[in-house]
Structure formats: structure tokens, C-alpha cells
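Colleague: So you can see what is in the structure, the chains are spelled out below.
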Amino acid sequence: MRIRPLADRVVIKKIEAEEKTASGIVLPGAAKEQPQIAEVVEVGPGGMVDGKEVKMELKVGDKVIFSKYAGSEVKLEGQEYTILKQSEILAVVE
Amino acid sequence: MRIRPLADRVVIKKIEAEEKTASGIVLPGAAKEQPQIAEVVEVGPGGMVDGKEVKMELKVGDKVIFSKYAGSEVKLEGQEYTILKQSEILAVVE
Amino acid sequence: MRIRPLADRVVIKKIEAEEKTASGIVLPGAAKEQPQIAEVVEVGPGGMVDGKEVKMELKVGDKVIFSKYAGSEVKLEGQEYTILKQSEILAVVE
Amino acid sequence: MRIRPLADRVVIKKIEAEEKTASGIVLPGAAKEQPQIAEVVEVGPGGMVDGKEVKMELKVGDKVIFSKYAGSEVKLEGQEYTILKQSEILAVVE
Amino acid sequence: MRIRPLADRVVIKKIEAEEKTASGIVLPGAAKEQPQIAEVVEVGPGGMVDGKEVKMELKVGDKVIFSKYAGSEVKLEGQEYTILKQSEILAVVE
Amino acid sequence: MRIRPLADRVVIKKIEAEEKTASGIVLPGAAKEQPQIAEVVEVGPGGMVDGKEVKMELKVGDKVIFSKYAGSEVKLEGQEYTILKQSEILAVVE
Amino acid sequence: MRIRPLADRVVIKKIEAEEKTASGIVLPGAAKEQPQIAEVVEVGPGGMVDGKEVKMELKVGDKVIFSKYAGSEVKLEGQEYTILKQSEILAVVE
Numbered sequence: 001m002r003i004r005p006l007a008d009r010v011v012i013k014k015i016e017a018e019e020k021t022a023s024g025i026v027l028p029g030a031a032k033e034q035p036q037i038a039e040v041v042e043v044g045p046g047g048m049v050d051g052k053e054v055k056m057e058l059k060v061g062d063k064v065i066f067s068k069y070a071g072s073e074v075k076l077e078g079q080e081y082t083i084l085k086q087s088e089i090l091a092v093v094e
Numbered sequence: 001m002r003i004r005p006l007a008d009r010v011v012i013k014k015i016e017a018e019e020k021t022a023s024g025i026v027l028p029g030a031a032k033e034q035p036q037i038a039e040v041v042e043v044g045p046g047g048m049v050d051g052k053e054v055k056m057e058l059k060v061g062d063k064v065i066f067s068k069y070a071g072s073e074v075k076l077e078g079q080e081y082t083i084l085k086q087s088e089i090l091a092v093v094e
Numbered sequence: 001m002r003i004r005p006l007a008d009r010v011v012i013k014k015i016e017a018e019e020k021t022a023s024g025i026v027l028p029g030a031a032k033e034q035p036q037i038a039e040v041v042e043v044g045p046g047g048m049v050d051g052k053e054v055k056m057e058l059k060v061g062d063k064v065i066f067s068k069y070a071g072s073e074v075k076l077e078g079q080e081y082t083i084l085k086q087s088e089i090l091a092v093v094e
Numbered sequence: 001m002r003i004r005p006l007a008d009r010v011v012i013k014k015i016e017a018e019e020k021t022a023s024g025i026v027l028p029g030a031a032k033e034q035p036q037i038a039e040v041v042e043v044g045p046g047g048m049v050d051g052k053e054v055k056m057e058l059k060v061g062d063k064v065i066f067s068k069y070a071g072s073e074v075k076l077e078g079q080e081y082t083i084l085k086q087s088e089i090l091a092v093v094e
Numbered sequence: 001m002r003i004r005p006l007a008d009r010v011v012i013k014k015i016e017a018e019e020k021t022a023s024g025i026v027l028p029g030a031a032k033e034q035p036q037i038a039e040v041v042e043v044g045p046g047g048m049v050d051g052k053e054v055k056m057e058l059k060v061g062d063k064v065i066f067s068k069y070a071g072s073e074v075k076l077e078g079q080e081y082t083i084l085k086q087s088e089i090l091a092v093v094e
Numbered sequence: 001m002r003i004r005p006l007a008d009r010v011v012i013k014k015i016e017a018e019e020k021t022a023s024g025i026v027l028p029g030a031a032k033e034q035p036q037i038a039e040v041v042e043v044g045p046g047g048m049v050d051g052k053e054v055k056m057e058l059k060v061g062d063k064v065i066f067s068k069y070a071g072s073e074v075k076l077e078g079q080e081y082t083i084l085k086q087s088e089i090l091a092v093v094e
Numbered sequence: 001m002r003i004r005p006l007a008d009r010v011v012i013k014k015i016e017a018e019e020k021t022a023s024g025i026v027l028p029g030a031a032k033e034q035p036q037i038a039e040v041v042e043v044g045p046g047g048m049v050d051g052k053e054v055k056m057e058l059k060v061g062d063k064v065i066f067s068k069y070a071g072s073e074v075k076l077e078g079q080e081y082t083i084l085k086q087s088e089i090l091a092v093v094e
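Chains as they are written, first to last, in the working numbering: chain A, 1 to 94; chain B, 1 to 94; chain C, 1 to 94; chain D, 1 to 94; chain E, 1 to 94; chain F, 1 to 94; chain G, 1 to 94.
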């Protein structure tokens with residue numbers, strides 16, 4: 001099953017950070033302070049959106065920072081995704 | 001009776017998920033965690049909407065993900081539908 | 001007395017559903033679950049509305065579904081009407 | 001004293017309904033259920049309003065239905081008027 | 001000291017109504033029911049305002065009716081003025 | 001240190017009124033009723049702002065009246081300034 | 001790791017003021033009254049944003065004043081950044 005976003009939307013998947021402490025214990029993401037970073041998994045076609053031409057700048061695989069609460073969360077086959085407009089993506093992390 | 005949506009609207013019908021557990025018991029949709037997926041049953045003509053040209057990208061039969069609370073719910077001949085603008089459809093599921 | 005709507009407005013009249021139960025008792029509309037269906041009784045001329053050209057797609061006699069709370073209700077000669085913009089009409093029922 | 005409305009505004013005066021009951025008692029307007037009908041007493045010049053050309057469709061003497069709470073009420077020489085934009089007039093009653 | 005309004009603004013001064021009762025007692029404005037009438041004391045140059053050309057229609061000395069609460073009140077050399085946009089002036093009283 | 005405002009912004013500094021009473025006592029500004037007057041200390045370059053051309057009409061040294069609560073207050077080297085858009089300046093006082 | 005802002009956004013880093021008192025004690029930033037000054041560390045490409053051409057005026061290294069609460073805060077590799085639109089930057093400090 002594949003999510004094909006419409007218009008100027010992208011589908012992103014939050015990156016679960018995992019890290020070993022000095023003692024070797026694996027800390028799940030929630031136990032650490034971490035940025036809102038996600039990976040782009042699908043990119044919409046862009047085009048005319050609300051009467052304005054939107055060109056998609058993002059590509060699949062980009063690591064991005066996005067506004068907290070932006071977009072809609074959906075769960076598909078046990079995986080959580082966020083669908084949001086490209087303009088709600090703040091930056092790409094390289 | 002047929003619902004013909006105006007302008008850039010589409011009519012969708014929520015998909016009721018039904019699933020057998022290992023023991024063979026059928027779980028109704030509400031008992032599971034499921035995405036907001038619906039099927040497009042009617043597509044409006046598009047055209048000039050609020051002074052902007054809107055081209056309809058969706059077609060009848062598309063499985064779509066839509067924003068929770070988007071659109072208006074109507075009940076016709078015992079069936080519930082949601083009428084919403086194409087721009088409130090987030091993605092197509094394939 | 002006739003209500004001539006201005007600009008991109010239409011005048012609609014809610015359709016009172018009446019139905020006999022198996023025992024032959026007539027149920028008034030309020031006692032049943034029914035869609036918000038109304039009949040268009042007057043259609044405005046359209047034209048330039050807030051700087052945008054609006055073409056009227058509806059015609060007198062159309063059965064329509066409209067957003068709950070949309071428009072203004074007026075009572076004239078004992079009959080209740082709703083005056084609303086064509087863009088607040090969601091769909092035509094055929 | 002005369003009120004000359006600016007731009008796309010009109011000045012209207014509510015119509016006081018007066019009616020005799022069967023017994024001949026005159027009921028003042030407030031005692032009956034009546035539509036929000038008013039008479040247009042002045043029409044502004046129209047023209048460019050907020051960057052958009054507005055053509056005045058109403059004329060002095062038109063009986064109109066208007067949105068409750070629309071416009072500003074003013075009292076001049078003991079008479080109450082409402083000044084509102086033509087776009088807040090819903091329909092003309094003929 | 002002179003207030004020169006910018007863009008599409010005008011400066012107005014409320015007109016204090018003063019009236020003798022039959023007994024000859026002078027009633028200050030606050031004791032009577034009176035419209036919100038003011039006199040235009042300065043008119044801005046108009047021109048491009050928020051990307052739209054605004055032509056000033058008002059002139060110094062015009063008696064105007066304005067929306068209650070519109071504009072900003074300022075006190076200069078003991079005199080109160082209201083500075084507001086021409087579009088917040090509802091009508092001219094003649 | 002100098003504050004160079006961007007786009008259509010200006011930097012203003014409130015004018016502290018100081019006045020001697022008949023007895024020669026100096027009253028600080030807060031003890032008197034005074035208009036919101038400030039002096040323009042920096043003027044941005046104007047140009048395209050939100051897709052619209054803005055021409056700066058104000059110049060350094062202008063005494064201006066501005067909307068209460070408009071703009072952002074900043075403190076730099078012990079001096080308080082307000083940075084606001086030219087369109088939030090109501091009038092120039094001459 | 002590098003944050004590359006999209007469209008008309010910039011990445012800024014608050015400047016921590018540090019100052020010795022007469023006695024030589026170092027005061028951390030929070031103990032003093034200080035303006036909201038930050039340094040620009042990344043500048044987006046500008047271009048068409050919401051249908052309007054935006055030209056980036058800021059450059060890396062600029063010291064800027066920005067609206068309190070503007071933008072989104074992100075933490076990356078232990079450093080806090082704010083990502084905001086160029087139009088939310090009020091002024092450059094020189």
C-alpha cells in the first residue's frame with residue numbers, strides 16, 4: 001500500500017532516534033531531547049494550488065524539520081505518517 | 001438517488017474495515033485502529049472556484065485519506081457520505 | 001410577494017419529509033433522520049461578486065444539499081426560506 | 001438633513017408592520033413574527049472598493065431583506081437608519 | 001500643531017451637541033441621544049494603500065457618520081481627535 | 001550600535017514630555033495626559049513587501065502618532081525603541 | 001549536520017550575552033535586560049513563496065532583532081536554533 005499525496009503535500013515519517021548509553025543500554029527516542037526530524041517518503045506533484053503555481057523542492061529521502069502540530073497524522077499498516085504541505089516543512093537537515 | 005457535487009467538491013464514503021481475528025471473530029471497524037480512508041463516489045466538475053481555476057484530479061473509486069472533521073456529513077437512503085472540497089483530500093492510497 | 005436574491009445568492013425552501021409508518025401513522029419530518037435537502041425557489045443573477053465572476057449553475061426546482069447553519073433564514077407570508085450563496089450549496093440530489 | 005452613503009453602502013429604514021387583528025386591534029410590529037424587511041432610502045455611488053469595482057444594483061425605494069446584525073445603526077432627527085454595504089443585502093422583495 | 005494623516009486616513013473631531021431645554025438649561029451632548037457625527041479636520045493624500053489605489057472622496061469640513069469604535073483616538077493640545085481610514089466613514093451628512 | 005529596519009518598517013522613539021508647573025516643579029511624562037507621539041529614528045528601504053510595492057513616506061526626525069500596541073518594543077543600550085510598519089503610523093504631527 | 005532552510009526562511013541562533021561586573025563576576029545572559037538579538041546562521045533561497053517573489057536581503061552573520069514568539073525553535077546537536085521567515089525579522093543591528 002502506498003500513499004500518493006495530492007497537490008503540494010508530502011508524506012513524512014518521523015525518525016526514531018535510538019542511542020546506546022555508555023553502559024550499553026538502548027534508550028528509546030522518547031527518553032532523549034530530540035529535534036522534530038522526519039524523512040520524506042512521498043512527494044506530491046505540485047502544480048496549481050489555490051491559484052498559485054507550487055514547485056516541489058523536496059525529494060524522497062530528504063531529512064526535514066517541520067512545525068510541531070503541522071499536518072495530519074495517519075496510521076497505515078502499523079506505521080505512522082504525517083501528511084503536510086511542503087510550505088510547512090521548515091528546513092532540510094544535511 | 002444520486003448526489004452530484006458542485007464545483008470542486010467530491011462525495012466520499014468511509015470504508016468500513018472488517019477483519020477476522022486469529023480465532024475467527026469478526027471485529028467491526030470501531031474496534032481497531034484504522035486510518036481515515038474513504039472511497040470517492042462522486043466528483044464535481046471543477047472549474048472556476050472563488051476566482052481560481054480548479055482541475056479535478058480525483059476519480060470515482062479512488063481510495064483517499066482526508067482531514068478529520070473536513071467536509072459535511074449527509075445521510076441519504078441510510079448511507080452516510082461526506083461532501084468535501086478536493087483540496088481537503090490529503091492523499092490517494094494505492 | 002417574491003424574493004429576488006442579489007448577486008450569487010439563491011433562495012431555498014426546506015423539503016418537509018412525510019412518511020407513513022407500517023401502521024399508517026404519518027410521521028412529521030422532525031421524527032425521522034433526514035438529510036438537509038431543500039428545493040431551490042429563486043436564483044440570483046450571478047456576475048461580479050467581490051471582484052470575481054460567478055456563473056450560476058443552479059436552477060429553480062433543483063433539490064440541493066447545503067451546509068447546516070449556512071445562509072440566513074427569513075420568514076415571508078408564513079413560509080420559511082433560507083437565502084445563501086451558491087458556493088454554500090454542496091451538491092444537487094437527482 | 002440627508003445621509004449620503006459612501007462607496008458601496010446603502011441607507012435603509014426598517015418597515016414598521018402594522019396590522020389589524022380580527023377584533024380591529026392594531027398590533028405594533030414587535031408583536032408579530034415578521035421578516036427583516038427594510039426600504040432603501042439612499043444608495044452610495046459604488047466604484048472602486050478595496051481594489052474592486054462595485055456596481056450598485058439597488059435603487060431608492062427597493063424593499064430589501066438584509067442579514068440580521070449587518071451594518072451600523074444611526075439615529076438622525078428621531079429616525080433610525082441602518083447603513084450597510086450592498087453586499088450585505090440578501091434579496092429584494094417584490 | 002497640525003495632524004497630517006498618512007495614506008487613506010482622515011482626522012475627525014466629534015461634534016458636541018449643545019441644546020437648550022424649554023427652561024433654558026443647556027444640556028451637554030452626553031445627556032441626549034445623538035448620532036455619531038463628526039467633522040473632518042484633515043484628509044490624507046490617498047494613493048497606493050496595501051497594493052490598491054485609494055482616491056480620497058472626503059474633504060475638510062464634511063460632516064460624517066462613522067462606525068462606533070473605528071479608528072484610534074488621540075488627544076492633542078486638549079482636543080480629542082479620531083484618526084481612521086476613509087473606508088471606515090459610513091456616510092456624509094448634508 | 002544602529003538599528004536598520006527591514007522592508008517597510010520604521011524605528012521610533014517615544015518622546016518624553018517634560019513640563020514645569022506654575023510652581024516650577026518638573027512633571028515627568030507619566031503624570032500628564034499626552035498623545036502617543038514618537039520620533040522616527042530609522043526608516044527601512046521599502047520595496048516589495050508581501051508582493052506589493054511600498055514607498056516610504058516617512059523620514060528620520062518626523063514626529064508621528066501611532067496605534068497603541070502596534071509594533072514590537074526593543075531595548076538597546078538602555079534606550080527603548082518601537083519597530084513597526086509604516087502602515088501602522090497614523091499621522092505626522094507638524 | 002547543517003540546517004538548510006526552505007523558501008524565505010532563515011535560521012538564527014540567539015546571542016548569549018556575557019558580561020563581567022565591576023567585581024569581575026560573569027553574569028549569564030538571563031540575569032540582564034537584553035534585546036532579542038540573534039545571529040543569522042543560514043539563509044534560504046527565497047523565490048516564489050505563496051505566489052509572491054521573495055528576495056532574501058539577509059546574509060549569514062547578520063545580527064538581527066526578531067519578533068518574540070516568531071518562528072519555530074529546534075534543537076540540533078545540543079544547540080538551539082530558531083527558524084523563521086525573513087519577514088519576521090524586524091531589523092538588522094550594526
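Keep in mind that the hints are not guaranteed to be accurate.
To be verified - Quick list of in silico lysine-lysine cross-link-like pairs, DSSO-like style, CA-CA up to 30 angstroms:
#	chain 1	residue 1	chain 2	residue 2
1	E	52	A	52
2	D	68	E	75
3	E	85	E	55
4	D	85	E	13
5	C	75	B	55
6	F	85	F	52
As the list claims (entries may be wrong) - Pair by pair, the computed Cβ-Cβ distance ranges are:
#	chain 1	residue 1	chain 2	residue 2	range
7	G	45	C	73	21 to 31 angstroms
8	F	59	A	50	30 to 40 angstroms
9	D	59	A	75	53 to 63 angstroms
What the hints contain is simulated information worked out from the structure, not anything from laboratory work. Treat the numbers as computed from the prediction; the structure is a model and nothing was measured. C-beta: ideal position from N, C-alpha, C; glycine also.
Colleague: Hints numbered earlier in the text: which of these fail when held up against the supplied structure?
Modeller: 2, 5, 7
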